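Using the hints, build the complex out of the two chains.
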Amino acid sequence: MKAAPGVLQIRDVEKHFPKDHALGVGEDNGAPFTDGLLPGGTPYDVEAVRADFPILHRPVRGRPLVYLDTAASAQKPARVIEAERSFYAEDYANIHRGLYFLSQRASERYEEARRKVAAFLNARHEHEIVFTRSATEAINLVAPSFGEAFLKEGDEVLITGLEHHANIVPWQMLRQKKGIVLKVAPVNDAGEVPLEEFNKLLGPRTRLAAFAQVSNALGTVLPVAEMIRAAHASGAKVLIDGAQSVVHMGTDVQALDCDFFVFSGHKLYGPTGIGVLYGKEALLDAMPPYQGGGDMIASVTFERTTFAPLPTKFEAGTPAIAQAVALGAAIDYVTELGLGCIGAHEASLLGYATTRLSAIKSLAIVGTAAHKASVISLIMEGVHPHDIAQVLDSRGVAVRAGHHCAQPVMARFGVPATVRASFGLYNTRAEVDALAEALQRVETLFLR
Amino acid sequence: MSETLDLRDLYQEVILDNRRHPHNRRAMADCSHLARGENLSCGDEVVVFLKIDDEGVIRDVAFDGQSCAIATASASLMSEVLVGKTPAQTKSLFDRFHALATGGVESPLDGMEVELERLTMLSGVRDYPSRAKCATLAWQTMLAALQNPKTQRSPK
Chain E
1087 MKAAPGVLQI RDVEKHFPKD HALGVGEDNG APFTDGLLPG GTPYDVEAVR ADFPILHRPV
1147 RGRPLVYLDT AASAQKPARV IEAERSFYAE DYANIHRGLY FLSQRASERY EEARRKVAAF
1207 LNARHEHEIV FTRSATEAIN LVAPSFGEAF LKEGDEVLIT GLEHHANIVP WQMLRQKKGI
1267 VLKVAPVNDA GEVPLEEFNK LLGPRTRLAA FAQVSNALGT VLPVAEMIRA AHASGAKVLI
1327 DGAQSVVHMG TDVQALDCDF FVFSGHKLYG PTGIGVLYGK EALLDAMPPY QGGGDMIASV
1387 TFERTTFAPL PTKFEAGTPA IAQAVALGAA IDYVTELGLG CIGAHEASLL GYATTRLSAI
1447 KSLAIVGTAA HKASVISLIM EGVHPHDIAQ VLDSRGVAVR AGHHCAQPVM ARFGVPATVR
1507 ASFGLYNTRA EVDALAEALQ RVETLFLR
Chain Z
2 MSETLDLRDL YQEVILDNRR HPHNRRAMAD CSHLARGENL SCGDEVVVFL KIDDEGVIRD
62 VAFDGQSCAI ATASASLMSE VLVGKTPAQT KSLFDRFHAL ATGGVESPLD GMEVELERLT
122 MLSGVRDYPS RAKCATLAWQ TMLAALQNPK TQRSPK
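Protein chains in written order, with our numbering: chain E, 1087 to 1534; chain Z, 2 to 157.
Among the clues, some could well be false.
Non-contacting residues of chain Z with respect to chain E, defined by C-beta distances greater than 12 Å in every case (computed) [what the hints assert, rightly or not]:
| id | residue |
| --- | --- |
| 1 | Ala-72 |
| 2 | Ala-100 |
| 3 | Glu-107 |
| 4 | Gln-141 |
| 5 | Leu-144 |
Just the calculated beta-carbon pair ranges, DEER-fashion [to be verified]:
| id | chain 1 | residue 1 | chain 2 | residue 2 | range |
| --- | --- | --- | --- | --- | --- |
| 6 | E | Gly-1426 | Z | Gly-44 | 23 to 29 Å |
| 7 | E | Glu-1422 | Z | Arg-119 | 58 to 64 Å |
| 8 | Z | Asp-128 | E | Ala-1497 | 28 to 34 Å |
| 9 | E | Val-1386 | Z | Lys-92 | 56 to 62 Å |
Covered stretches of chain Z (in silico footprint by chain E; criterion: 3 or more residues with CB under 8 Å from a CB of chain E, positions within the stretch not fixed) [what the hints assert, rightly or not]:
| id | region |
| --- | --- |
| 10 | 62-70 |
| 11 | 84-91 |
| 12 | 114-126 |
Everything labelled a hint here was simulated from the structure, so no lab data went into it. Quick caveat: nothing in here was measured; it's all calculated off a predicted structure. Backbone N, C-alpha and C define an ideal beta-carbon position, used for all residues, glycine too.
The following block holds chain Z by itself, in its conformation from the complex (with noise of 0.2 Å):
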């Protein structure tokens, strides 16, 4: 197998886009959750941001934070597919999405294929297992965000 083909499987061009052009990678004043997340293998940081709404509705995320093609891709990716989303399916896509990133056993998931398949795009990753963390790192810093209201305390 030509190696340039496995490299286009974790470089595909729409990670290559995500990460020349990402999506809502800007601070957000007025969010309710946030949480601060590094990958200790390389030092990579990102701020993770949500607006939670009363009824307990991502209503917007955001990122911010320079990293590695991989991370910024999957941040951009993750602050689409999770708006509309409760927290409950907000964990049950990230284990979907963490099975798919290491190889792992993929828990049943109702619904949201179409937000699957868009992160599927990261799947390459799996080859390179010391390149999962990248492609978690804002989904882990998300999850901390989800446990980490701004008015309670002040970003990690």
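Extracted from the complex, chain E is given alone in its bound form (with noise of 0.2 Å):
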């Protein structure tokens, strides 16, 4: 097969891949099999993680489950569940209205989940922090009520190639609504988006630079720093979208000084209908709301109204009360395993995974960034991605096949879809060696 530019022919891995090149956090010396053990010594009982997510124990298709998806929502710890659960039977009311005793507690939880991702985030103020929906949700925040505040006809939003539908629509959106114009840093053959690249596309018009720390769809690790820096220096604000970054690595946003960073908590092993936006008090204060309703007033009469402070003004309508708890419960779960430990265990499968991989010769792994989170996009020549993923399915394997929601970086590599394995806290190499024998399955069912 012809590759496109920037898939890796599996025998091309020593090249990209050698020996004493950081893969991450981790690396993979060939050593044998030592889940339980970090490259340096440190101790990490993947067992008894893995022990603490029930899902992790249910057969499927009657195999064990060796779930590969992480990437796309990560499965949850029985603490989470038990958040959840224990929450409503225990403490639930709506919140910040009742005068009594249940919805003053609900209050203080919802309150006190807020503290524990400002914490995580090490945000300067607590009212930085505004709960949404999702990640998505939150992106889709900032689009128009950042343009509102900042945005004319004319300035320019940059955005990289590597970006998930999820910071590309908003600014397509926003781009009809103000006639802003978007700009795209482009990505090379590693599927990295070049520093000098990004930075010759910051003009004295960009107000605004999006762009994911970790891409979904490669697992490409970009310098947001350097980049936060660059945008600065040019007098434009940042956005992070970290929703695959959070997982894998701790995020310091006064560190990191970009203007505004979001997550979702499904990925980070939280419950689903919940994301995080972060936003500096100054410029969150400047911005309008963006939904109206309860709990995001001050007063309302039908001549006036006035909104809120923050954060509580970008919080219209009833929030996801105890999703915001359970994802308080996520951020203790990951914050004592150590986000160090994690990353450092994930690099390491990464590595393995991508040593493994290269026995399969029909191979190639779109996306060899010199720094990946654990992330491994694959096309195999001949075999269509979602018949991978099926006879994977009937060995209880589970990854993603499709473009998952990154059409520009197919189309980029030119391939309309591949096969993504992602791994997070609690795989194995074991899962890994599952994986690699199933993909030899589809190569003897479709390739012979």
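Right, dumping it as structure tokens:
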């Protein structure tokens, strides 16, 4: 097969992943199966971690579940499930309005969750944390609201060619409404956004740069600190889509100095229906509300409404109270495990998987950035990704097949779709082996 | 039940054969009807070409595009069973095939048992709802082509 540019033929693996080249945090050194010990000898008891996740003990299609779709949504530890259940069973009422015991208790729990998120991101103030429905909704809040406050026709928003549709479409909608110009920093053959190309597109009219910290389709980790510095130097604000990054590495919004940071709860081993927008106080204060309704007002008459202060100005209607509380439990969980340890475990798996899959000659990896999170996008010569995923499913191996809500990334690499295996804090080398064996079965079935 | 057996229901040998060597995968320059179809769930595209004679009988069927094994095998089979059929027969065959692929209610079918028999090899998809769209992509596109004579409009 003539591979598209940037599609790594497996025989090139050694070139792209030399033994002493950083694969993110950890490293596969070809050592025998060592789940339970991170590079450098730090203990990581993955079996104890797996025991925390009830669903991982459920057989699927008569086999043990091999869940390799954590980049789409992570499974939930018992603590998160229990946090949501016990909140409903013991503390539930609507928040902010009731003067009675349970409403006050629920309000405290909800605000306690906000404090946990603020600490998790190292935000300066709790009120810089706005709860949304998802990372997608958080970007959809910023686009029109920031746009209304700060953007005029002809102003530029800069994104990259690696973005999820959630960080493309809201800006296109704003373009439609306000006549802004959307610029896209190009992606190189390895699936990276070269800093010099990004910097070239920063101009006097660039008001905002919005980009993912980790590509959901390819796993590329972007040099966000440098990108933020460059954007700020040219006078632009910065939004980081952290949906794929907060799960792999620690986040410090003050150190990054980003102006906005968004992520979703369900990818962080928390519940669905809850997302987070962090925004710098001065910016959020200057931005108009994005939805009107209850909770977000100070006072309402038919003549005039005054809005509530942050963060409730942006939280119209009854929020996902129980989900916020359970997100707090998820943050406790990953914080106790340690994001450094989680990232090192995942990087070790990524290295092992990259090596292991090299035995399968018909496979090619799409996206070969020097710095990757634990995501591998694959194509197999002559076999459609859906057929691959179907065979994997018959063996209990759950992967994502498709365009991963990143069609421009697929177009960049000249493929309609890929199979994506993503590794989370509970995955093991044995599961990588199961993936490799299932892929060999695909070869036998379709390519013999 | 063994999962491998399930998979064999879906990927029967005859499906794999049709995928490896699809029949009538070609462009048809002298077609009378054509349409382009897309499976929105995966982005697969197919173009279906029909040659319908003055009596309203389908004389030739072809398809083009890259798609998964199920969609390719289904298009290949469709291109064979529709030759000699009228649009009305085609629609009733589609209804039965759709029921077969989705586990829906089967409408009565006048004749064409042989054709239906051949299509049953795709019935494995009914256990995989996400793949029913793959199996019916070429058929849905063919129905659009019936409404889209080449002389009046270019392909959608």
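Hint by hint, where does the structure go against what was stated? Just the numbers, ascending. Numbers 1, 6, 11, 12, in rising order.
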